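> Please take these sequences and the hints and turn them into a complete structure.
Number of protein chains: 4
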Amino acid sequence: MKAPVRIGIVGLGRLGQRHARNLAWHVPGATLAAACSPVAAEREWAQANLPELALHSDYESMLKDTSLDAVWLVTPTSLHTDQIIAALRAGKHVFCEKPLSLDLAQCDRVIEESARFPHLQVMIGFVRRFDASYRDAFNKISQGAIGRPFMVRSQTVDKNDPDGFFVRFAPTSGGLFLDCSVHDIDLARWMLGNPRVTRVFASGTIAIHEGLAECGDIDNGVAICEFEGGRLAVFHASRTSAHGHDTQTEVVGTGGALSVGHNPRANRVEIFDATGIRNECTPTFFERFEHAFLNEAEAFVASLTGGPATGLTLDDAREATRIGIAMRQALTKGQAVNF
Amino acid sequence: MKAPVRIGIVGLGRLGQRHARNLAWHVPGATLAAACSPVAAEREWAQANLPELALHSDYESMLKDTSLDAVWLVTPTSLHTDQIIAALRAGKHVFCEKPLSLDLAQCDRVIEESARFPHLQVMIGFVRRFDASYRDAFNKISQGAIGRPFMVRSQTVDKNDPDGFFVRFAPTSGGLFLDCSVHDIDLARWMLGNPRVTRVFASGTIAIHEGLAECGDIDNGVAICEFEGGRLAVFHASRTSAHGHDTQTEVVGTGGALSVGHNPRANRVEIFDATGIRNECTPTFFERFEHAFLNEAEAFVASLTGGPATGLTLDDAREATRIGIAMRQALTKGQAVNF
Amino acid sequence: MKAPVRIGIVGLGRLGQRHARNLAWHVPGATLAAACSPVAAEREWAQANLPELALHSDYESMLKDTSLDAVWLVTPTSLHTDQIIAALRAGKHVFCEKPLSLDLAQCDRVIEESARFPHLQVMIGFVRRFDASYRDAFNKISQGAIGRPFMVRSQTVDKNDPDGFFVRFAPTSGGLFLDCSVHDIDLARWMLGNPRVTRVFASGTIAIHEGLAECGDIDNGVAICEFEGGRLAVFHASRTSAHGHDTQTEVVGTGGALSVGHNPRANRVEIFDATGIRNECTPTFFERFEHAFLNEAEAFVASLTGGPATGLTLDDAREATRIGIAMRQALTKGQAVNF
Amino acid sequence: MKAPVRIGIVGLGRLGQRHARNLAWHVPGATLAAACSPVAAEREWAQANLPELALHSDYESMLKDTSLDAVWLVTPTSLHTDQIIAALRAGKHVFCEKPLSLDLAQCDRVIEESARFPHLQVMIGFVRRFDASYRDAFNKISQGAIGRPFMVRSQTVDKNDPDGFFVRFAPTSGGLFLDCSVHDIDLARWMLGNPRVTRVFASGTIAIHEGLAECGDIDNGVAICEFEGGRLAVFHASRTSAHGHDTQTEVVGTGGALSVGHNPRANRVEIFDATGIRNECTPTFFERFEHAFLNEAEAFVASLTGGPATGLTLDDAREATRIGIAMRQALTKGQAVNF
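Protein chains in written order, with full-length UniProt numbering: chain A, 1 to 339; chain B, 1 to 339; chain C, 1 to 339; chain D, 1 to 339.
Honestly, the hints are just simulated from the structure, not real lab data. Because the structure is a prediction, the values reported are computed rather than measured. Please note that the accuracy of each hint is not assured.
Derived lysine-lysine pairs resembling DSS-like cross-links, with alpha carbons at most 27 Å apart [claimed, not checked]:
| hint | chain 1 | residue 1 | chain 2 | residue 2 |
| --- | --- | --- | --- | --- |
| 1 | C | K159 | A | K140 |
| 2 | D | K140 | D | K98 |
| 3 | A | K333 | C | K333 |
| 4 | B | K333 | D | K333 |
| 5 | D | K159 | A | K140 |
| 6 | C | K140 | B | K159 |
| 7 | B | K140 | D | K159 |
| 8 | B | K140 | B | K98 |
| 9 | A | K159 | C | K140 |
| 10 | C | K159 | B | K140 |
Spelled out as structure tokens, the structure:
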């Protein structure tokens, strides 16, 4: 057995805790050796719930720990690019939650800096690529199951939060498309063979959360994306569903079609009662992608210890941001954006 | 075009009205020429809702109408055999709702009498044989889609009626198995190639309607039926479902399996709300077999005017009764009944 | 019982024959009294398969039959408007297959002429409004089941015809959107409460049938349609599916969502074999809307004999054409079309 | 954090390796400290694939390791009872794969011996109790979702192995019911509140594997089980399915019903092609219960370190064997077995 990869996690919010537990207990070949959070309560959580590890309140101090091989960033998007670059300069591999950045120039900075450290890996966490069902769909398509894939329809739909908590964060989220649809954009590019985008149109509405109007955001949006070679994608993003988290994707080819998540079932239970026959829905992306987060961590750690590359590049992350920005533009202008 | 078959319907209860409407408006080659009911309100309904036709309060009087080619019996089971025999003697073809009779000797009487009138047809309405989905399943099996079929699992489940209206009719219904499972018995025999039954075991319970205990009946029952050649059937009948009418049947073969009605969906609508993702259920057998009742009438009328035989024989009807009686016996004795 | 409505059908192609059979055998209150086709073989089919009726090779001659109350047009789109106007002037009610016309000015001519004959009804056959599942969805929405509906996603997907037979008719079809999506446009307007359209964008591709390029048509298209009040629709049309005819529609509201046809199942049969668990797909719109065509005829005939209005107006038909034309324009220009 | 539970695994066949990986990498609070197998290749697998641990070829020698807190038995059924008793006498907690034994007297020996060591836990691995969907169903039922549960229908269906490899092991497997249906028996008892069994009937057939006749076994079986209080269970077990591993269970109550695994879908992918719309099936119980095996290990380890009891008792395991034996008897005799 090889020496385990020593990892320091940064950010221990809800999603950070999920990553921390995975790295601590479930990833062969990984040791969660350090955790960093400016929030005292989060450090206390780490002490109480994780195996013994070094705790830092300051990112710079953690980077000085030369025993760490990699950092695992689950921090606000606005910090991503600076933190990635600092980690690279400190000689660490980097896992960073999506999106890379809301700003193309910032994406480019990371790409340039990363090129200077070819022995260090940087992966942005497009977690759906590690979901067993999406992986199965991708493999089937690669094997020709649907002929030539030419269209993707993909949606990210979140359960409505009546409190509209997220409205307060809307001004810094980049808007609905950059916050939610980047996943779908990345999936579409992956499934369609990474074609070059040529035109984007988008539309949207505020169905419930009027407060979004202030910052020009929407709670439901749709977009069409044209790629070279006559390939197409249609996206839908929503924050107002009644039934739960409903991520689904359809890939259409010349010889068939595949869908992932056509019914966003919570599990294998069906209920027969006076309302009919029903299944419950995955409540949030947490439950939907619970196992994918683990696969993602395993894949990244494996890639650092001689395993296969994960396939995800920084260019993929940049392209998702670029298309997301164009969708926001099209929405604002009411006109298609040509590339 | 041939002269239409002139039909007289007998019994205009809820199901009788359905048959009457079909014969009046929807069956090419048929003319609903007469209707018979001892109930004045039913005759009034006929006058108001059907095309012009002769009305009778008395069955004997209707049989005297020599212009009628056939009678259509939607009457209480206890009347079936006498009415069929009278119709045959009057020179009429007969359609009769299931079951033929609750008594084997009565079935035999009809079979004997029918043999004396080979030019007259008698069909018992096992309506499921005319349902498009069951028909499709049967055809696929005939074409070898599941290899050699060796097991059927079939259920008839009715929505609970909190008033327990049916409890009052339990004493004359023949019990749960003879009232409900005859359909499943007939389906199993049809799908398995009409094998000879060798042994039956049954069990049951009163889940809700305690009043059934008085006449030895149950509101939920299960049964196992062994046929020659290692073929098997498992039946379930219930009067207490919360979700609606749920008829389903699975046929298992050596090379695959087919199911009909795995989800008893009311239609093509799905509802996404706080309870999850659901479809409504067919409320009663009326909605489930609405089109099958029409197909059945079309098939019977076609068989009288040169079309193919319907495939249903009086022996099929007798066998369903025979097995149903054995299931009731097994339930009472707590032991298997051997044939 | 009232005197039946006497109807003359015009056009006895595949769909015309379906309508003729329905009117001849299945619609209470209707008598199919005449049929008109310039094709001798079609008139022979009528003689062999329908009850006795008057046969015409010429539309003008049929209109002279003063015993007819209504005409039933199942003719090429290019003939619709002239034939409707002639029928009105001859004092007949009109049923006409969709679309009313590919040309807005022609639509307006019919609307103007129709206004001169307020006692005569003209209905364009948007058959989906008479499908039991769409009707159920509409009723549920009207009763508030999903809160305020604000988005419709709807598709018309046809099985690929490897011969590309339809390519030859593409030049006169009006293109994919006017030929197929008019149904979805009409559904969206119906479900969303007939809002005014404000902007349209469309895109498309030729996935298989290169021959369409000649006349500027596509075999797969997508479109976004913005309506007043922040309402949205997304459409998809395709002629290249591998699995069959797949019409589906989702209506999203502030309190839930409804879908019709989420799985385009052919019937209630499921097959369990080495390929997994599957159901077959409705092969064509014929099987999918078999019962809806009958409901449509019953509803139109009922509306002529004192029953409720069908709810479909000529303005609905005009609007479907208007939006379909704008979608075609947007596709050609690569830019949104504003109204 | 408490000191981890030190575990020694016994048996490293396919299922043993799964358990070993879980204990080695995925169970918080556990350390896989030893492994025992008489097979050299299995010990080599352990050395190559697991973290450093002590390897034993002999069970007695492993029991002498006083640092071990528990043993984990994934060994042939015939060894279970002796190995459990030896472990208890060596002061170890025991996890043991199902079934406890094929012999009631052996079950009783373990129960008696276990009573002498009240501080030591023995759990038999009825893995389905730890599956997220079965757990959800149980919780819903406990909360009254279906009223009073009175009937369970449950099946264990395995994909046909054309080689009939398992036929060779049939003589020592205890037969289809003891090998497969014990899971369903345990589920039924769990869901119905552990009622006392009163009568059993069973039937079965050889659909494919004629070689089973020699030892009186079958490849498809059905059984009815009556419990006190009018509760019922119906079981089905098969080794011959074409579509894969299909475990499903339905619990019927007076106010509704729940099913687990109604469609044994492999994952969230659906395929639309010329065969229709389909999903693949879970190939074996391994994939179906992958996460349940992990949950089971976590639950058992948690119960040893102050967590809640798992709820599974040795009496549960004995009862599953007792009912399974009665089902085999009923099959042989062709008569119901009364308790």
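> Does each hint hold? Answer for all of them.
Status of each hint after checking the structure:
no. : hint             : in the structure
1   : C:K159 to A:K140 : 21 Å, holds
2   : D:K140 to D:K98  : 26 Å, holds
3   : A:K333 to C:K333 : 17 Å, holds
4   : B:K333 to D:K333 : 17 Å, holds
5   : D:K159 to A:K140 : 22 Å, holds
6   : C:K140 to B:K159 : 22 Å, holds
7   : B:K140 to D:K159 : 21 Å, holds
8   : B:K140 to B:K98  : 26 Å, holds
9   : A:K159 to C:K140 : 21 Å, holds
10  : C:K159 to B:K140 : 22 Å, holds
Comparing the model with each earlier hint shows no violations; every hint is respected.
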